[in-house]
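Trainee: Take a look at the letters that make up each chain.
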Amino acid sequence: MSLDLTLDGQVVPFQEGETLYEVAHRHGDKIPTLCYDKRLKPLGACRLCVVEVEGANGPLASCTTPAREGMVVRTVTEDLEQHRKTLVDLVLSENPKGAEITPLRGLASQELAQLSVRYGSDGTRFAGATSGHPRLDDPNPMILRDYEHCISCYRCVRVCAEQEGDYAISITGRGFGTRISAEFDVDLQDSDCTFCGQCVQTCPTGALGDQLALQYTDLPEPINATRSICPYCGVGCSVDLLTKGETLVGVQPAMDGPANEGALCIKGQFAWEWVQHPDRLKEPLVRKDGELVPASWEEALDRAAAGFAQTAARHGRQSIYAVASGRAPHESAYSVQKFIRVNFGSNQIDNCSRA
Amino acid sequence: MSNPLADMDKPDVIFCIGTNMTEAHPVAATRLKQAQAKGAILIVADPRHIPLARRADLHLQLQVGTDVALLGAMAHVIAERGLMDEAFIAERTEGWDDLREHLKSFTPQWAEEITGVPAALIERAAVLFAQADRGAIYYTLGITEHISGVDNVQSLSNLALMTGNLGREGTGINPMRGQNNIQGAGDCGALPSSYPGFQPVSDPAMQAKFEEAWGTKVDLEPGMTKVRALEHAGEKIYAMLICGENTLVSDPDKSHCERALERLDHLVVIDIFKTETAELADVILPASAWAETDGVFTNTERRPQRVRAAVSAQGQARPDWWILAEISKRLGSDRFEYNSAAEVFNEFCSLSPLYAGLDWDRIDGGGYQWPVPAADHPGTPMLHVDEFPRGKGLFKTPSYRDPAEVVSEEFPVWLTTGRRLEHYHTRTMSGRSTGTEYLVPEETLEVHPADVQAWGLKHGGMARMSSPRGSVLVRVASDDTSPPGTVFCSFSFSDVPVNILTGSGYDPITDTAELKVCPVRVEPAPDN
Ligand code: SF4
Ligand code: SF4
Numbered sequence: 001m002s003l004d005l006t007l008d009g010q011v012v013p014f015q016e017g018e019t020l021y022e023v024a025h026r027h028g029d030k031i032p033t034l035c036y037d038k039r040l041k042p043l044g045a046c047r048l049c050v051v052e053v054e055g056a057n058g059p060l061a062s063c064t065t066p067a068r069e070g071m072v073v074r075t076v077t078e079d080l081e082q083h084r085k086t087l088v089d090l091v092l093s094e095n096p097k098g099a100e101i102t103p104l105r106g107l108a109s110q111e112l113a114q115l116s117v118r119y120g121s122d123g124t125r126f127a128g129a130t131s132g133h134p135r136l137d138d139p140n141p142m143i144l145r146d147y148e149h150c151i152s153c154y155r156c157v158r159v160c161a162e163q164e165g166d167y168a169i170s171i172t173g174r175g176f177g178t179r180i181s182a183e184f185d186v187d188l189q190d191s192d193c194t195f196c197g198q199c200v201q202t203c204p205t206g207a208l209g210d211q212l213a214l215q216y217t218d219l220p221e222p223i224n225a226t227r228s229i230c231p232y233c234g235v236g237c238s239v240d241l242l243t244k245g246e247t248l249v250g251v252q253p254a255m256d257g258p259a260n261e262g263a264l265c266i267k268g269q270f271a272w273e274w275v276q277h278p279d280r281l282k283e284p285l286v287r288k289d290g291e292l293v294p295a296s297w298e299e300a301l302d303r304a305a306a307g308f309a310q311t312a313a314r315h316g317r318q319s320i321y322a323v324a325s326g327r328a329p330h331e332s333a334y335s336v337q338k339f340i341r342v343n344f345g346s347n348q349i350d351n352c353s354r355a
Numbered sequence: 001m002s003n004p005l006a007d008m009d010k011p012d013v014i015f016c017i018g019t020n021m022t023e024a025h026p027v028a029a030t031r032l033k034q035a036q037a038k039g040a041i042l043i044v045a046d047p048r049h050i051p052l053a054r055r056a057d058l059h060l061q062l063q064v065g066t067d068v069a070l071l072g073a074m075a076h077v078i079a080e081r082g083l084m085d086e087a088f089i090a091e092r093t094e095g096w097d098d099l100r101e102h103l104k105s106f107t108p109q110w111a112e113e114i115t116g117v118p119a120a121l122i123e124r125a126a127v128l129f130a131q132a133d134r135g136a137i138y139y140t141l142g143i144t145e146h147i148s149g150v151d152n153v154q155s156l157s158n159l160a161l162m163t164g165n166l167g168r169e170g171t172g173i174n175p176m177r178g179q180n181n182i183q184g185a186g187d188c189g190a191l192p193s194s195y196p197g198f199q200p201v202s203d204p205a206m207q208a209k210f211e212e213a214w215g216t217k218v219d220l221e222p223g224m225t226k227v228r229a230l231e232h233a234g235e236k237i238y239a240m241l242i243c244g245e246n247t248l249v250s251d252p253d254k255s256h257c258e259r260a261l262e263r264l265d266h267l268v269v270i271d272i273f274k275t276e277t278a279e280l281a282d283v284i285l286p287a288s289a290w291a292e293t294d295g296v297f298t299n300t301e302r303r304p305q306r307v308r309a310a311v312s313a314q315g316q317a318r319p320d321w322w323i324l325a326e327i328s329k330r331l332g333s334d335r336f337e338y339n340s341a342a343e344v345f346n347e348f349c350s351l352s353p354l355y356a357g358l359d360w361d362r363i364d365g366g367g368y369q370w371p372v373p374a375a376d377h378p379g380t381p382m383l384h385v386d387e388f389p390r391g392k393g394l395f396k397t398p399s400y401r402d403p404a405e406v407v408s409e410e411f412p413v414w415l416t417t418g419r420r421l422e423h424y425h426t427r428t429m430s431g432r433s434t435g436t437e438y439l440v441p442e443e444t445l446e447v448h449p450a451d452v453q454a455w456g457l458k459h460g461g462m463a464r465m466s467s468p469r470g471s472v473l474v475r476v477a478s479d480d481t482s483p484p485g486t487v488f489c490s491f492s493f494s495d496v497p498v499n500i501l502t503g504s505g506y507d508p509i510t511d512t513a514e515l516k517v518c519p520v521r522v523e524p525a526p527d528n
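Protein chains in written order, with the working numbering: chain S, 1 to 355; chain V, 1 to 528.
Accuracy of the hints is not assured; some may be wrong.
[As the list claims (entries may be wrong)] In silico BS3-like cross-links for lysine-lysine, where the CA-CA straight-line distance does not exceed 30 Å:
| # | chain 1 | residue 1 | chain 2 | residue 2 |
| --- | --- | --- | --- | --- |
| 1 | V | K209 | V | K329 |
| 2 | V | K274 | V | K236 |
| 3 | V | K209 | V | K236 |
| 4 | S | K97 | S | K244 |
| 5 | S | K288 | V | K274 |
| 6 | S | K41 | V | K38 |
| 7 | S | K244 | V | K274 |
| 8 | V | K38 | S | K38 |
| 9 | S | K97 | S | K30 |
| 10 | V | K10 | S | K41 |
| 11 | V | K217 | V | K329 |
| 12 | S | K282 | V | K10 |
| 13 | V | K10 | S | K38 |
| 14 | V | K329 | S | K288 |
| 15 | S | K288 | V | K236 |
| 16 | V | K274 | S | K282 |
What the hints contain is simulated information worked out from the structure, not anything from laboratory work.
Isolated chain S (complex conformation) (with noise of 0.2 Å):
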């Protein structure tokens, strides 16, 4: 049987178990969220979801509302915009600089700061202290904890603890006191956070952020995003890498990546300044008299076939042997297996799997 509803006047089909904020968000994006991350547990707390259900008493937190046969639901109107702008005012008073994060911070940190344009708000309205705690003493060199940006939504408590099963970080205090600290207020490192990552990505404010990337502020190059996929483990997580003209500035995992939904470890976060690194080879070398010396790749490559053509010639084709690379991609692969096959007849090849 195919339930449906009434959503802004349109009839729509939805699943058993669906919330109506997961059938409105399939049938466009309209209602504004800060607390939902779709990995998790809803929590219903910053109530920017509500919306208006005929037969309710009062909007209803469509991020917690199951899904009802029959229901005719609003998700836009007047009154709830109102309620809205409200919402999102109060937030930014606490918060005043929160509309001017700079998206390095992270995968989610623009989700306030583009709720502060939809609803005009400048936190202006409502003026109060800030309550957040920050931590800018944490000496990690990765995640910048900078809590003055905090709006109590504890995605990352939440991520920390259902998602990567760590339980690293918590919530202490209540009320205004409320604030996100590593158990008995530790550094993270000495915490049991695995430097994931994950918690960067989820905040909706950029109070946690990419400390790595958050080097790279000045450059006045746009940012630009690639699909890729991580080049450690054979899970095979998908990443964006974030870029400004020529420079490597981040990597963001990616949320609809098929092997890791939106999930990354400290080495596909964190560990890619090697890209660019010094150390980097950036031109042939050949052996002469004894030491390795730059070359121009004609040299080098003749240098190279000579090598294997005179070994051949005088100890059999089956005495050159080639090892290809389990890091690099197929076509390095294959071409190096081809080269040996294709050039010597033989089948003196392997990989590095066995060490």
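Given the coordinates of chain S, assemble chain V with the ligands onto it according to the supplied hints.
Mentor: Only chain V with the ligands this time, still in chain S's reference frame:
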């Protein structure tokens, strides 16, 4: 993996053996944690009390290198108690009667003697696994990097077959591949015994197929494994091309390896850094790196995915395929006329039945898992659904053997090696990244607190660790992750080259090195 990663939160009993998954494959481990949160039972077999073992319902802390005894005893219990899946065995397998007979001597009491795991625990683990509706097995190099690596895998396969835990959601035998594209390197034919797509070189039909494609008749005789090639350097092997591998630091018996490479007349290294291995080369060719190169990686669940260039290559670095084509042209070949990585990949697909339905554009979104035999095929997330590659699943009868070297009066301690969360392989990459370097700037030797005291060591002090092949200096970390009598170290740091010590033996079938077990002696050393 026989089953997709997405399946990992679906089993009701999870059996992890020889896999430090939270450190080596962290994102896969998050799925297991979610399975646990939904109520799945986790059984971990590992010599060390690794983080995964700390989360387990049952930790079978076996002596290093005794996996065949443990797994055989689990199978024994299942057979003796009649907990096997008779229907599955009858319909889909062969050799059950032989195995059943073979298992008779594998009593839990016998296995306790060898593995150190209490017989009652072995029985509980066996019963839990056998009674699972969906039981899944996950393993890594802790199973394969032994002289008995093949026997270990066969023992696992026996367990899965006898309990019918294959070809269904949330089941399977699932090796987690260590390197991002080690699966792909095999897929592409970088193996001494097979062409691209695992087509055997010894098959004359394949020889003819590739002669037609490439214009060269390739030997029917398989090549040597890398291990043998290094052994024969300067005798049968006189020139080598090594692409993107720091052989010297990652391979066992480092001094032997160094001498082998020095005996070559000609060594060409293609790499992104001047590694210890590259230092020995006659020619070093600079390769463009990840983030600079278009290409394909295939992950551990057989999913080809595109990597893309986001920045230009450093200096004059070039893609590997271009470099190999240029050398080949100079050797007189006209079979390397490529203009892009896409052309190379599409040629590979056209020659590999497993990839026949795929091409560069079709894998743009990473939506397929091989085999994909035809363009209209949806891919194969789960293997062995209706049959096995050979038809019926074959039970094998592996016997227990001691590791190549066992502890003695002179070398009384077991060393086992592995990975750490923060670093990867020989650290050419993670060692040049601020965060990972900050957290783990140097290697340490994990020693149980009781041993630290008994051997006169100090937490944070230095120790000398020796095997018959050499010795290294390393800082001591008192840590109860390793049991008394066993120490652990990673092979990531070149200033603590543990692979000077390893290399006691190789699996007779695969030539995989026994990197997981090496008897050593550990003594206090002066601080530096
Ligand atoms: S980095 Fe990962 S483990 Fe650490 S606090 Fe954030 S989510 Fe938790
Ligand atoms: S992010 Fe971590 S788990 Fe994912 S592929 Fe990279 S190394 Fe593996």
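Trainee: Are the Cα positions of S/K288 and V/K274 separated by 30 Å at most?
Mentor: With Cα atoms ~17 Å apart, S/K288 and V/K274 stay inside 30 Å; holds.
Trainee: Taking only the CA atoms, is the gap from V/K274 to V/K236 under or equal to 30 Å?
Mentor: holds (27 Å)
Trainee: With the threshold set at 30 Å, check whether the alpha-carbon distance from V/K10 to S/K41 stays at or below it.
Mentor: Distance ~18 Å between V/K10 and S/K41 Cα, so the pair holds.
Trainee: When you check the alpha-carbon spacing of V/K217 and V/K329, does it fall within 30 Å?
Mentor: Answer holds: V/K217 to V/K329 is near 18 Å, not above 30 Å.
Trainee: Verify the proposed pairing of V/K329 with S/K288, using a straight-line Cα cut of 30 Å.
Mentor: holds (24 Å)
Trainee: Is V/K38 within 30 Å of S/K38, Cα to Cα?
Mentor: It holds: about 18 Å lies between the C-alpha atoms, which stays within 30 Å.
Trainee: Tell me if the straight-line CA distance from S/K288 to V/K236 falls inside 30 Å.
Mentor: It holds: about 26 Å lies between the C-alpha atoms, which stays within 30 Å.
Trainee: Would you check the hint for S/K97 and S/K30, treating anything up to 30 Å between C-alpha atoms as holding?
Mentor: Cα-Cα ~25 Å, so holds.
Trainee: Does the alpha-carbon distance linking S/K282 and V/K10 stay inside the 30 Å limit?
Mentor: The given pair, whose Cα atoms are some 47 Å apart, is violated under the 30 Å limit.
Trainee: What's the verdict on S/K41 and V/K38, does the C-alpha distance respect the 30 Å limit or exceed it?
Mentor: holds (13 Å)
Trainee: Does V/K274 pair with S/K282 here, judged by a C-alpha cut-off of 30 Å?
Mentor: With a Cα-Cα distance of about 10 Å, the restraint between V/K274 and S/K282 holds, given a limit of 30 Å.
Trainee: Would the hint linking V/K209 and V/K329 be met if the CA-CA limit is 30 Å?
Mentor: holds (22 Å)
Comparing the model with each earlier hint shows a violation of hint 12 alone; every other hint is respected.
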